[in-house]
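> All chains, please: the whole structure from these sequences, using the hints.
Residue 202 in this note's numbering sits at position 47 of the sequence shown, and the numbers go up by one each step.
Take the hints with a grain of salt, since some may be wrong.
Below, in silico cross-link-like pairs of lysine-lysine (DSS-like), each with a Cα-Cα straight-line distance of 30 Å or less [stated by the list, open to error]:
1) Lys190 / Lys173
2) Lys260 / Lys274
3) Lys301 / Lys290
4) Lys274 / Lys301
5) Lys290 / Lys274
6) Lys274 / Lys300
7) Lys260 / Lys250
8) Lys290 / Lys300
Hints in this document: simulated from the structure, not taken from any laboratory.
Just so you know, these numbers come straight off a predicted model, no measurement behind them.
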Amino acid sequence: MILKRKKNIHSKKYERMKRSMMMIENDSNLSESEKQQYKNFLAITESMGLDEFLELIQSPWRIFWMNFVAGMIRGIGALIGAAVVIALIGWLLSKVISLPLIGEKLEPYIHQAQSEIQKYTESTNYKNNFEQMQKTLQEIRDELKKNPV
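Spelled out as C-alpha cells, the structure:
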C-alpha cells in the first residue's frame, strides 16, 4: 500500500511537472530566457520538495496526524529518558550509601523509604482475596454437584 501510494505521488508530481512545462512551452508571450527561468524555477522547487510541503499544509488531517505521532514519540522518549535517569540516580545512591559519612546522613531516609515500601506491599497483598475467591468457587462447584441444573 505504501509503495503504491509513493508511486502514485511520484506519478502525480511527474504529471504536474509535465503540465507546467507544457504551459511554459505553449505560452507565446514569454521569451526564451523567461521560459528557461521558469523551467529552472520549476526544477528548483521540485528538487526542494516545495510541492509536497504545500500539499501537507493544505491537508489539516495530515498535519494533525503527523503532530499526533510526533507528540506520542516525544512522550515515549521522555518516559524512557526519565526511567533511565531515575535508574542511574538509584544506582549511584546505592553506591554512595556505603560511604561512611554519606551513609550515616541518608540512613533515616533509607529506613523510612523501606518502611513505606513494606507498608504498601502489605496493603496491596492480593493473596487473601484470591484465597477467598477460590473458596467461593469451590462452594459453587460443590452446590452444582449436589443440585445439577
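> For the pair we were handed, Lys290 and Lys300, check the Cα-Cα distance against 30 Å.
15 Å, holds
> Can you confirm whether the C-alpha distance between Lys274 and Lys300 stays at or below 30 Å?
Since the Cα atoms of Lys274 and Lys300 sit roughly 42 Å apart, the hinted pair is violated (cutoff 30 Å).
> Given the hinted pair Lys260 and Lys274, is their Cα-Cα distance within 30 Å?
23 Å, holds
> Check whether the Cα positions of Lys190 and Lys173 lie no farther apart than 30 Å.
14 Å, holds
> Holds or violated: Lys260 and Lys250, Cα atoms, limit 30 Å.
Satisfied, since the Cα-Cα distance of roughly 14 Å is no more than 30 Å.
> Given the proposed pairing of Lys301 with Lys290, does the C-alpha separation stay at or below 30 Å?
Roughly 17 Å separates the two Cα atoms, so the pair holds.
> Mind checking the alpha carbons of Lys274 and Lys301 for me, to see if they're no more than 30 Å apart?
43 Å, violated
> Are Lys290 and Lys274 close enough, with their CA atoms no more than 30 Å apart?
Judged against 30 Å, a Cα distance of about 27 Å means the pair holds.
When the structure is compared with the earlier hints, violations turn up for hints 4, 6 and for no others.
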